[in-house]
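Chains as they are written, first to last, in the working numbering: chain G, 3 to 311; chain P, 8 to 157.
Each hint should be verified, as a subset may be incorrect.
When the alpha-carbon atoms are kept at most 20 Å apart in a straight line, the in silico PhoX-like pairs for lysine-lysine are as follows [to be verified]: (1) LYS14/G x LYS141/P; (2) LYS198/G x LYS102/P; (3) LYS105/P x LYS14/G; (4) LYS123/P x LYS59/P; (5) LYS14/G x LYS100/P; (6) LYS88/G x LYS41/P; (7) LYS134/P x LYS205/G; (8) LYS234/G x LYS254/G; (9) LYS290/G x LYS30/G; (10) LYS254/G x LYS219/G; (11) LYS29/G x LYS195/G; (12) LYS100/P x LYS56/P; (13) LYS123/P x LYS87/G; (14) LYS32/P x LYS205/G; (15) LYS141/P x LYS198/G; (16) LYS19/G x LYS219/G; (17) LYS153/G x LYS30/G; (18) LYS195/G x LYS157/G; (19) LYS157/G x LYS222/G; (20) LYS102/P x LYS32/P.
If you want a taste of the chain P side facing chain G, the calculated C-beta under 10 Å gives, among others [unchecked claim]: (21) THR86; (22) ASN88; (23) THR117; (24) TYR143.
Hint data in this document are derived by calculation from the structure and do not stem from the laboratory. Think of the CB as a built atom: it goes at the ideal place given N, C-alpha and C, for glycine as much as any other residue.
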Amino acid sequence: MNFQGKDIISIKDFSKKEINYILNYGKKLIPYAKGEKFKNVLKGKVLSTLFFEPSTRTRLSFESAMSRLGGKVIGFADPGATSQKKGESLADTVRMADSYSDLIVIRHPKEGAARLAAEFAEVPVINAGDGAGRHPTQCFLDLFTIFTEKKKIEKNNVVLVGDLKYGRTVHSLAYALSLYNVNLSLVSPNTLKMPKEVIEECKELGVEPNQTSNLEKAIKDADVLYVTRIQKERFPDAEEYNQVVGTYKIDKELLKNSNEDLIVMHPLPRLTEINPEVDKTSHALYFKQAFNGVPIRMALISLVSGVEL
Amino acid sequence: MKELKIQPIKNGTVIDHINAGNAVKVLHILGIPKSSSSIVSVAMNVKSKYGKKDIVKVENRELDPYELDKIALIAPKATINIIRDYEVAEKHKVKLSKEITGIVSCSNPTCISNSKEPVKSRFIVLKKDPIQIKCYYCEREPEDIAERII
Chain G
3 MNFQGKDIIS IKDFSKKEIN YILNYGKKLI PYAKGEKFKN VLKGKVLSTL FFEPSTRTRL
63 SFESAMSRLG GKVIGFADPG ATSQKKGESL ADTVRMADSY SDLIVIRHPK EGAARLAAEF
123 AEVPVINAGD GAGRHPTQCF LDLFTIFTEK KKIEKNNVVL VGDLKYGRTV HSLAYALSLY
183 NVNLSLVSPN TLKMPKEVIE ECKELGVEPN QTSNLEKAIK DADVLYVTRI QKERFPDAEE
243 YNQVVGTYKI DKELLKNSNE DLIVMHPLPR LTEINPEVDK TSHALYFKQA FNGVPIRMAL
303 ISLVSGVEL
Chain P
8 MKELKIQPIK NGTVIDHINA GNAVKVLHIL GIPKSSSSIV SVAMNVKSKY GKKDIVKVEN
68 RELDPYELDK IALIAPKATI NIIRDYEVAE KHKVKLSKEI TGIVSCSNPT CISNSKEPVK
128 SRFIVLKKDP IQIKCYYCER EPEDIAERII
């Protein structure tokens with residue numbers, strides 16, 4: 003399979019066959035991501051990270067991934083220190099990064115920004131989150147986590163809980179999981195339900211999601227519980243946020259009646275939705291999930307760069 | 008003899024087979040009456056073989072292809088007759104392209120195409136009848152297409 007030069011803007015740009023290929027390849031890279039093995043396959047190559055919005059895991063794991071492959075990273079994490087502040091267009095900033103590097107990773111508060119960046123760049127562009135829109139590498143690492151933990155994605159009982167309206171990871175994830183014919187339960191307060199068009203997409207792929215606000219009932223037979231933060235920054239109205247924050251709390255008590263091998267995932271950062279007491283249980287997988295960002299991003303960076311380990 | 012609902016025109020354009028009730032939207036797209044001094048006649052809910060339809064006649068003005076693209080968005084079955092000296096000089100159906108550029112603005116206020124970037128709005132046509140389009144940039148599907156025509 004050839005991914006050389008491909009932009010990674012949306013998970014929908016990939017077929018199930020391509021996703022499977024990337025997940026399997028990512029698995030091979032785990033020892034490289036841990037630093038147990040090393041190959042300088044991207045020596046002399048430069049990755050630009052253009053982060054117009056705050057990020058911890060996504061930016062660091064991209065930087066780690068490029069370094070583990072032998073390449074270098076340039077970029078910024080604070081747009082206030084760039085010419086954007088002087089009013090430069092995103093298109094011009096991207097043109098510059100294009101001439102300075104071999105690959106661009108971009109996070110931006112506006113939806114569609116990565117697609118626009120790809121229009122102005124010759125080198126491949128990877129979307130690291132565009133507003134409330136898409137975040138395909140997060141989706142890849144979420145699938146990768148289920149794939150490596152459960153050995154397969156198909157037929158798992160997956161529960162997505164929290165902000166399903168504004169949360170960008172859950173939209174792409176619900177779509178991608180539907181490619182694998184999972185049993186999908188969507189748990190949210192009434193005001194933060196999954197958008198209709200996402201439900202329609204799941205249905206078109208043959209998955210009829212069960213929508214509820216009752217978490218206890220939903221996790222009874224669950225194999226995967228995917229928790230999201232209620233994101234204050236995405237709410238147009240502070241009052242709406244205050245009404246729903248803290249609706250769902252995952253703690254030991256809640257997990258008492260769950261499957262023994264239930265895994266709890268979270269894209270992080272978390273606030274109060276997962277009690278720290280869960281961290282020490284066998285269910286907690288969110289930190290390992292965060293690590294998985296490195297091998298899967300190594301896989302994506304190397305594939306679009308035209309090299310494979 | 009069949010009675011004509013509106014009089015023939017000497018020169019101009021007749022837009023026929025507009026879905027009933029959409030004639031006003033067609034006028035809006037053509038910038039009538041604001042940017043035009045042409046005489047315009049409108050017939051609404053006219054009986055035809057395929058049910059009811061609207062007709063718009065614009066005197067002394069021949070529509071350009073850009074305007075036809077716009078009309079296709081809200082009246083996908085419309086036919087355009089260019090009239091010269093009372094005769095139909097040209098007749099064609101509006102045709103919706105696979106992609107629409109620079110005609111409709113995205114309904115998502117935080118879409119990058121609504122910021123000061125050097126790009127035109129761009130939509131992929133998902134379905135032609137009824138029309139369903141998706142923003143190339145943010146993937147939002149606007150429902151109020153007629154209201155969003157630039």
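Hints, one by one, checked against the model:
1. LYS14/G x LYS141/P: holds (14 Å)
2. LYS198/G x LYS102/P: Not OK: LYS198/G and LYS102/P at ~30 Å, beyond 20 Å, violated.
3. LYS105/P x LYS14/G: With a Cα-Cα distance of about 19 Å, the restraint between LYS105/P and LYS14/G holds, given a limit of 20 Å.
4. LYS123/P x LYS59/P: Violated, at about 43 Å.
5. LYS14/G x LYS100/P: violated (34 Å)
6. LYS88/G x LYS41/P: violated (38 Å)
7. LYS134/P x LYS205/G: Holds, because 18 Å separates the two Cα atoms, which is no more than 20 Å.
8. LYS234/G x LYS254/G: The hint is violated at about 26 Å.
9. LYS290/G x LYS30/G: holds (16 Å)
10. LYS254/G x LYS219/G: Given that 20 Å is the threshold and the Cα spacing comes to 15 Å, the pair holds.
11. LYS29/G x LYS195/G: violated (33 Å)
12. LYS100/P x LYS56/P: The given pair, whose Cα atoms are some 17 Å apart, holds under the 20 Å limit.
13. LYS123/P x LYS87/G: holds (14 Å)
14. LYS32/P x LYS205/G: violated (34 Å)
15. LYS141/P x LYS198/G: It holds: about 15 Å lies between the C-alpha atoms, which stays within 20 Å.
16. LYS19/G x LYS219/G: violated (34 Å)
17. LYS153/G x LYS30/G: Status holds; Cα separation ~14 Å.
18. LYS195/G x LYS157/G: Roughly 23 Å between the alpha carbons, so the hint for LYS195/G and LYS157/G is violated.
19. LYS157/G x LYS222/G: Given that 20 Å is the threshold and the Cα spacing comes to 16 Å, the pair holds.
20. LYS102/P x LYS32/P: Holds, at about 17 Å.
21. THR86: violated (33 Å)
22. ASN88: With a closest approach of 38 Å, the ASN88/P hint is violated.
23. THR117: holds (5 Å)
24. TYR143: holds (7 Å)
Checked against the numbered hints listed earlier, the structure breaks hints 2, 4, 5, 6, 8, 11, 14, 16, 18, 21, 22; every other hint is satisfied.
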